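Asks: Protein chains in written order, with numbering that gives the first Met the number 0: chain Y, 0 to 520; chain S, 0 to 391.
It is worth saying that the hints were derived from the structure and are not from the lab. The structure displayed is predicted, hence computed values, not measured ones. Here a beta-carbon is modelled for each residue, glycine too, at the ideal position from N, C-alpha and C. Please note that a few of the clues may not be correct.
With the Cβ distance kept under 8 Å, some of the chain S side facing chain Y (calculated, not the full set) [what the hints assert, rightly or not]:
1. D5
2. Q7
3. G72
4. D73
5. T169
6. A206
7. G282
8. E379
9. I380
Below, each chain spelled out in residue letters.
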Amino acid sequence: MADHNDPNAVNSIFSDIDVSAADLYDIFGFPSADTDGGEKVVIALTFASVPQAGVLDPDLLYRIQIAPSRRIVRAAKEDQSLEALLKYFDGIKQTYLKTLKPLEVRVTIDADNRAHIRFINFPGGSFAQVVETNKNLTLKSPGGHAIKAYIGGRDDAFFNDLPGFFRSINYAPQFYHVPHTMTEARELPIPKTFLELEGNDLFNYDPANPNWGHGVKKDLPPGPLTWSGNKFAKNANGNYRFVYSGKDAQAGKNVNAIILEMPLAYITDAPAQNRIVNCWGESWVRKAANKVETIPDDPLWIEHPHALIDALTLDDELKKYKLVDTDGQAFADAALSEREDSRQMGANNFWLAPHFIKRLAHLGWGFGPSVSALGLKCAFDHGNSPVSVHRTYSSVIEAFPLVKKVLFQEMRMPDDSWNPKGLNIPLRRPVEIFIPNVNAIDMDTTGTWPFGRRLEDQVATRFLSVFLDMEAEFNGKKYHVEIMNNQAVWDALPIEPKTPPNPLKNDREFLGHFPYLAEPW
Amino acid sequence: MVTASDYQAELERIETDIAEVGEQALTPPTDTEKVTKYVNGLYRRAVHTGDLDALQTAEAAIGEAIRQIHFAGDLYLLRANLAFKLHRLADVRRDLEAEPRLLACPEGLAIQADLDFQQGRYAQAREGYARIIESHRTWDSLARLAHFEAQMGNAAEADRLYLEAEDELTAKEMRSYAWVELQRGLLDLAHGRHAEAGDHYARAEQAYSGHWLVAEHQAELLGAQSRYAEAAELYERVVERVPKPELQQAFGELLTVMGEHARAQGWHEKALAAYLDSAEHGGVHYYHHLVDFYADVRKDGAEAVRWARKDIALRDNFASQAALAWAHHRNGDTQKALAGITQALSSGARSAHLLSQAAAIHRAAGRAEDADAFARTAAEINPRHRSFHVHR
Chain Y
0 MADHNDPNAV NSIFSDIDVS AADLYDIFGF PSADTDGGEK VVIALTFASV
50 PQAGVLDPDL LYRIQIAPSR RIVRAAKEDQ SLEALLKYFD GIKQTYLKTL
100 KPLEVRVTID ADNRAHIRFI NFPGGSFAQV VETNKNLTLK SPGGHAIKAY
150 IGGRDDAFFN DLPGFFRSIN YAPQFYHVPH TMTEARELPI PKTFLELEGN
200 DLFNYDPANP NWGHGVKKDL PPGPLTWSGN KFAKNANGNY RFVYSGKDAQ
250 AGKNVNAIIL EMPLAYITDA PAQNRIVNCW GESWVRKAAN KVETIPDDPL
300 WIEHPHALID ALTLDDELKK YKLVDTDGQA FADAALSERE DSRQMGANNF
350 WLAPHFIKRL AHLGWGFGPS VSALGLKCAF DHGNSPVSVH RTYSSVIEAF
400 PLVKKVLFQE MRMPDDSWNP KGLNIPLRRP VEIFIPNVNA IDMDTTGTWP
450 FGRRLEDQVA TRFLSVFLDM EAEFNGKKYH VEIMNNQAVW DALPIEPKTP
500 PNPLKNDREF LGHFPYLAEP W
Chain S
0 MVTASDYQAE LERIETDIAE VGEQALTPPT DTEKVTKYVN GLYRRAVHTG
50 DLDALQTAEA AIGEAIRQIH FAGDLYLLRA NLAFKLHRLA DVRRDLEAEP
100 RLLACPEGLA IQADLDFQQG RYAQAREGYA RIIESHRTWD SLARLAHFEA
150 QMGNAAEADR LYLEAEDELT AKEMRSYAWV ELQRGLLDLA HGRHAEAGDH
200 YARAEQAYSG HWLVAEHQAE LLGAQSRYAE AAELYERVVE RVPKPELQQA
250 FGELLTVMGE HARAQGWHEK ALAAYLDSAE HGGVHYYHHL VDFYADVRKD
300 GAEAVRWARK DIALRDNFAS QAALAWAHHR NGDTQKALAG ITQALSSGAR
350 SAHLLSQAAA IHRAAGRAED ADAFARTAAE INPRHRSFHV HR
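Chain Y with its partners taken away, still in its complex shape (with noise of 0.2 Å):
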């Protein structure tokens, strides 16, 4: 037996794998507000700046799938079941799978930092450039039309309270050394909230340590990681304290980005039917093998059935690297898909369906209550639960009555901005906004979340108003997905910091023009 040249004498427990580069953050899409020349619609893909900010890593390919469509039309008496939310699903999962051939623009780059641009079955003509990283471009489409392009670094243009977010899960990992082997110590089994619980020491905020969560990592304690009380914390002047602080904890970060700014035309034939682009990012790393030059292709996917599948609908490149994540609407993953890599399905996200209600179900039990103790209106039915409760669910059945209003409630707008042509557009709902899991611009809006994502989004808190019942109102007006980032709100409710949850803005101010996105720092 091979005593000393087995596998074990390579296997470390602690992982040495950088694959950080291939960690997605953000996919921006909106429509240019320059239609000189007919409409065209801004993609921006942002990931972790690795190595650096305007040097990419050459080991990455990184893809833009692109799908244009018509705008689905509701029908006059939907059918609100599960039976039918699942046929919903299924419609959607047949789209995508059979109906809709996404184009994709595809992204390497070479020793030099110089980028690998590709054009895939656009209908305006598929070409590959090779292109300096860190400039702004125009590229020309063999049917000549003008495409924008930037690869490189520049300013993170997400701007958000993540350790609040965090705080809000109690997501362990933001402010504990959790050993790699205690995997259930990850999201801990505390309910998750907007305000803090009284007692839960684990989570709540410590003025003698102002920055633990923001880098600053305790050991976790040895006691029960539990919660056991019963009621929100209140402050001495009556108050419940925000997990939330609104300071922005991407200050100061860069990512590296594909940003694109592509006619409408060039996308599809039919600009005038398909007014939706729906889109979606995706990392894969290079393959050991495939770094190794002179090896031929191997021939696993000949032999190996899974890998059969993917030969199916791989091409010989992408045969060559390995899917690591992907990135379609915001919070999708974060919020929704518990950040585990087997979820990590782009837009093929349909299969979660299930997954993504009773997930919704547990998140509601958690954030519904402590909307409610605000005083504000909850979508979720808790049952006038008194206080945040843990609650898992196994059987979607179970989950789905108390998440319907959630799913189906159309999310209000705060005015018509967002429909600058005044057009019949039904406002969205959570259950077309997070299946499939893209981010779907319409071309007739502004391109606002969620009808694409502008940088100028605040869409963590947008996520947030998901919880909230649009058909309350505040000072006479309904409420709307900008509810919570009204500061007026925030002064009138019972809760310390007087804060909306997250920055209303940017670091730096976001250009006016291509690319968009500010410098990097």
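Assemble chain S onto chain Y, guided by the hints.
Replies: Below, chain S without anything else, positioned relative to chain Y:
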């Protein structure tokens, strides 16, 4: 400009990691992240350089670290891995049981399956590997099952699994890729496919340059190809870099084949001294090398039996059973040898080496027909099985 090899570059990164936190990482009040980084750095450096003394230093540091931090599951797992390398299987079990989570996490389950394999519970081992792959299809779980299949003589299945393991590895894991290539090369070598083995080893070097482990495999292959001078030159370089006694023994055996008995003697004595020194200090890691050494280098059957019994007391599996059988054979105790080799073969394990030993033992027992059958099968598996090879 001279570019550092991949091996050297990684070693420098490990050294930097260790230096960044320093020995003071273990001085209270400790920071879990620094403690973990420090002891993991020590462990990685010891494994990377093949330095057993450094591995013992790492073990002491891990023990200290375990005392320092509350949730030491990762460190118990690290120490279980370390104990496994040193064949201290009882210590492996003890560390796994120290933290109940380890008995259920994929890494812990993998080591438990390794333990089953080492302790001769073959069905449980295979089932354990298969179960892990079902839930965590990682390169190392696939490689573990591949290794199992290779030992059981299922070379095609083993290579298929190794290939699948490679497909899971990315450009950020080239050392692991090179290691899998070495295993595929060993599979070819065990079947006499020297050219194919050479291709795998070359690919390993290309994937991860400058690793002594690759050079050592290449040296063995050169020896098997009767390219003795080249093999000796390479072995000499390897033993200068890495003073592992098993490499010194292999070099000595090559020199013996080359007729350079005086030089061989020097390396053999060096290797034996290191083996015995380890055993005197409580190490069990080299027991099986001592069996091989006494049986095949010294041809001292009694000593071989003595060490083989110690080894089999730790891990009763086909390899230790066959080693004891071979020791009995060397010692002229044919009946015991016959019983031992029969027991080893009943495991299902198949290799040209094992079968050729079975042939010799049966022949000594006067069972010519059986001996011929074993010898034929050995030759079918590897027509070149009598060429130079290393006891791993």
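Asks: Quick check on E379/S please, does its C-beta sit within 8 Å of some C-beta on chain Y?
Replies: Since chain Y brings no Cβ nearer than about 21 Å to E379/S, farther than 8 Å, the hint is violated.
Asks: Checking hints one by one. Is I380/S an interface residue toward chain Y, by the C-beta closer than 8 Å rule?
Replies: Violated. Min distance 16 Å.
Asks: Checking hints one by one. Is T169/S an interface residue toward chain Y, by the C-beta closer than 8 Å rule?
Replies: With Cβ-Cβ at 5 Å, under 8 Å, it holds.
Asks: Less than 8 Å between beta-carbons is the criterion; does G72/S satisfy it with respect to chain Y?
Replies: Holds - the Cβ of G72/S comes within 8 Å of chain Y, reaching about 4 Å at its closest.
Asks: For the hint on D5/S, does the least C-beta distance to chain Y fall short of 8 Å?
Replies: Violated - the Cβ of D5/S stays beyond 8 Å from chain Y, reaching only about 11 Å at its closest.
Asks: Going by Cβ atoms only, is G282/S closer than 8 Å to chain Y?
Replies: violated (13 Å)
Asks: Closer than 8 Å between Cβ atoms is the bar; does D73/S clear it against chain Y? Give me holds or violated.
Replies: holds (4 Å)
Asks: Quick check on Q7/S please, does its C-beta sit within 8 Å of some C-beta on chain Y?
Replies: violated (16 Å)
Asks: Is the hint on A206/S kept, meaning its closest Cβ partner in chain Y is under 8 Å away?
Replies: holds (5 Å)
Consistency note: the structure conflicts with the earlier hints numbered 1, 2, 7, 8, 9.
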